[in-house]
Amino acid sequence: MSTTSKTTVPEEHPIAPFLRMDRMPHIWCPTCGIGTIVKCFATALDESDIDLDKTAIVSGIGCTGRVAGYMNLDAFHSTHGRAIPFATGLKLGRPELQVVVFSGDGDLSGIGGNHFIHAARRNMDILVILVNNFIYGMTGGQNAPTTPLTARSSTMPFGNYERPFNLPHLAQSCGASFVARWTCLHIRRLTKCIRMALRHKGFRFIEVIAPCSTLYARLNRLGSGLDLMRFYHDEAEIRHGADTREVDIGFQDRIICGNFVDEERPTFLDMMHSHYEGVLGDRYMPMGPEGGWIHD
Amino acid sequence: MRYWRKPLDIDQVTVPHGRVVIIADRCKGCGFCVEYCPKDVLVMSEDFNRKGYHPPEVVKDGECVNCNLCEMICPDFAIFCVAADDEEAAAAIAARSASDEEGQGGPN
Amino acid sequence: MAAGCRFVAGYPITPSTEVVERISQRFPMIGGTFIQMEDELASMAAVAGGAWTGTKCMTVTSGPGFSLMMENIGLATMMETPCVVVNVQRGGPSTGLPTMVGQADMMQARWGSHGDYELIALCPQSPQEAFDLTIDAFNLSETWRVPVMFMMDECVGHMTEKVVIPPADEIDVVPRVLSKKKPGEYLPYAVNGRPVPEFVRAGDGYRFHTTGLTHDERGYPVMSAECQETNVHRLMDKIRLNAADIIRIEEEDVEGADVVVVAYGITARVARMGIELARAEGVKVGFLRLIVVWPFPEERIRELAKKVKAFVVPEINYGQMVLEVERCAGGQAPAILVPHGGGGVHDPADICQAIVEAAR
Chain A
1 MSTTSKTTVP EEHPIAPFLR MDRMPHIWCP TCGIGTIVKC FATALDESDI
51 DLDKTAIVSG IGCTGRVAGY MNLDAFHSTH GRAIPFATGL KLGRPELQVV
101 VFSGDGDLSG IGGNHFIHAA RRNMDILVIL VNNFIYGMTG GQNAPTTPLT
151 ARSSTMPFGN YERPFNLPHL AQSCGASFVA RWTCLHIRRL TKCIRMALRH
201 KGFRFIEVIA PCSTLYARLN RLGSGLDLMR FYHDEAEIRH GADTREVDIG
251 FQDRIICGNF VDEERPTFLD MMHSHYEGVL GDRYMPMGPE GGWIHD
Chain B
1001 MRYWRKPLDI DQVTVPHGRV VIIADRCKGC GFCVEYCPKD VLVMSEDFNR
1051 KGYHPPEVVK DGECVNCNLC EMICPDFAIF CVAADDEEAA AAIAARSASD
1101 EEGQGGPN
Chain C
2001 MAAGCRFVAG YPITPSTEVV ERISQRFPMI GGTFIQMEDE LASMAAVAGG
2051 AWTGTKCMTV TSGPGFSLMM ENIGLATMME TPCVVVNVQR GGPSTGLPTM
2101 VGQADMMQAR WGSHGDYELI ALCPQSPQEA FDLTIDAFNL SETWRVPVMF
2151 MMDECVGHMT EKVVIPPADE IDVVPRVLSK KKPGEYLPYA VNGRPVPEFV
2201 RAGDGYRFHT TGLTHDERGY PVMSAECQET NVHRLMDKIR LNAADIIRIE
2251 EEDVEGADVV VVAYGITARV ARMGIELARA EGVKVGFLRL IVVWPFPEER
2301 IRELAKKVKA FVVPEINYGQ MVLEVERCAG GQAPAILVPH GGGGVHDPAD
2351 ICQAIVEAAR
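Chains as they are written, first to last, in this note's numbering: chain A, 1 to 296; chain B, 1001 to 1108; chain C, 2001 to 2360.
Please keep in mind that the hints were generated in silico from the structure rather than gathered at the bench. Take these hints with a grain of salt, some might be off.
[Stated by the list, open to error] Capping the alpha-carbon separation at 25 Å, the derived lysine-lysine pairs in DSS-like fashion look like this:
no. : chain 1 : residue 1 : chain 2 : residue 2
1   : A       : Lys192    : A       : Lys54
2   : C       : Lys2306   : C       : Lys2284
3   : B       : Lys1051   : B       : Lys1006
4   : B       : Lys1039   : B       : Lys1006
5   : C       : Lys2181   : A       : Lys54
6   : A       : Lys192    : B       : Lys1060
7   : C       : Lys2180   : A       : Lys54
8   : C       : Lys2307   : C       : Lys2284
9   : A       : Lys54     : C       : Lys2182
10  : C       : Lys2181   : C       : Lys2162
11  : B       : Lys1039   : B       : Lys1060
12  : A       : Lys54     : A       : Lys201
Predicted model only: the values in this text are computed from it and were never measured.
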């Protein structure tokens, strides 16, 4: 017997103001973890007291790439792999924006790998939430740069023999100043991590492991997304500050989560401003935080 | 909920109460809420929603502690909790145990 | 800079690198930001994103980089993002002749990205035009909310000539105009009978959504043939139906001419020499210079085709704009190509010879 009297109880989900409810229900599969991560992100925005009008979200292509389309923020659905440079353009064109990139593992570390490493190197002030489901989901389950060894995918039908990325290590070694990994089961810690990241300045990278039921789980006979969540429950280990060289993920192996890197370091714009001020002195005229829009 | 030892201040802690609200037509029957509710308040129902999925239903009315885990973990924004006061929760528990007794005293 | 551009994302490539080098020196003094991105794909993506902050944006490249930018140029046409892409053409294909002239990207400027779209391309013939037409390129981009391809070539790019820069108040600049509607009323792609939707900036509270997917007025993706028709057809008509306002050509002695030479860029200057030589031999030659290359001046060519014996099209490629001339002439007058593979400019005598033969 289910609940409620409609007179005292709200009819709509409390997170609705952060979402484009006119596009619900969303396209993600049953037991897909992306919706949970979006909920955590929206909750973090809610709890963070940041100016949502000045927050922009950019997604690439893929299942996670659809996130921008469901968020009630200035949202951009750009081309495959190019969410990070697109976000860079937004940030540099109007530095007061808080720019979030929300995209998948194939999009950001495959085709977008080059942009990922350079934005991390520059400590570009953007928050990157990478949803890692170990596969290219939207296009039918192809091998991704994060697919663990021996896992099956549609382009590696006999099992993957390519060594995958260790993304937190990649981000840290390129110069990211905030690196964390959680699974979508760690709802509260992930929300808290996103809140911390929203306050942090610089290249912030949060990898979130999520189940892909229709492709990854099915092709590897792992059950449904719920079975994968149970797996995360059993095999995730929280090790804050772990050495990122040791957090690689094997097939159905332990997943090390935690906040690995949290450093204060000057961002790309900080370095640009302080350098030009030093070298050019009074001749330097920086673009203001409101951006480069010229108007009377 | 299982404790590995009894908390020393268990008498002083006020347990909150909540009521679960389910937006059935948005549910995709993933089962996360059922699996992870700490009070096991939910089960997957036998009903169908408009899209053919089985949404969850509350079976332990009154035992929800408003922890919001279901609200956080649902990928489809189809379930959330609101605070309920103690009397409501007590009444719901009483109503449930009454109907359980009736059920036991049924056709036998 | 005179046009109000304040964000440039670029990547070095010969022979365009001097532009970004100069920009990197000047932008810190004028409140602009220049970033050298990691590749041309990133440069174009950054420009496509930066434009949504209300800032006028530009990127600069040459042939190989132009090829890399194509996907995001398509994104800019679909999102209707104003921006300018400068291509200082060099010999191609592939790595080609990095330090030497070519004009072989003209078709690519129009058809380079996949799918149906229309955009605007301009072609300067001198450093003075490189100044003046860049301002026009930005203005056209703002007016029509379309990426504008600025097709320079290595010769014009490396030329040194006097450039007169007028005082700022004499330069006509079309500013970025923002919608006056309130959030909630505003729809990103609603046109209400006008050719171009209204623009807003990210960060002003409009909470809009835009995508490279086929979308409706709200900017939400809709996967249907009807939406494709509404969306993409409007993008095509935006330029096609307003071509008369966009097209710009320069004509000399076309009335009564037997042969009309059609040329653009550096070849226009060489062609004038060839025309003089031909006139000295008694041929009545007219000259039509393409300033705005795309949209192509179809009507004018069609008109002239009825009156002239032939068109002569010298270009530093093996036949690109000549195909357009031929198409528009509709068989009424032949279009004769004077090709050049690149690496140098035509010999005016060759152009003269082609003109003289065409006149027979």
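Verification of the hints:
no. : hint                     : in the structure
1   : Lys192(A) to Lys54(A)    : holds, 21 Å
2   : Lys2306(C) to Lys2284(C) : holds, 16 Å
3   : Lys1051(B) to Lys1006(B) : violated, 45 Å
4   : Lys1039(B) to Lys1006(B) : holds, 17 Å
5   : Lys2181(C) to Lys54(A)   : holds, 18 Å
6   : Lys192(A) to Lys1060(B)  : violated, 30 Å
7   : Lys2180(C) to Lys54(A)   : holds, 18 Å
8   : Lys2307(C) to Lys2284(C) : holds, 12 Å
9   : Lys54(A) to Lys2182(C)   : holds, 16 Å
10  : Lys2181(C) to Lys2162(C) : violated, 45 Å
11  : Lys1039(B) to Lys1060(B) : holds, 8 Å
12  : Lys54(A) to Lys201(A)    : holds, 15 Å
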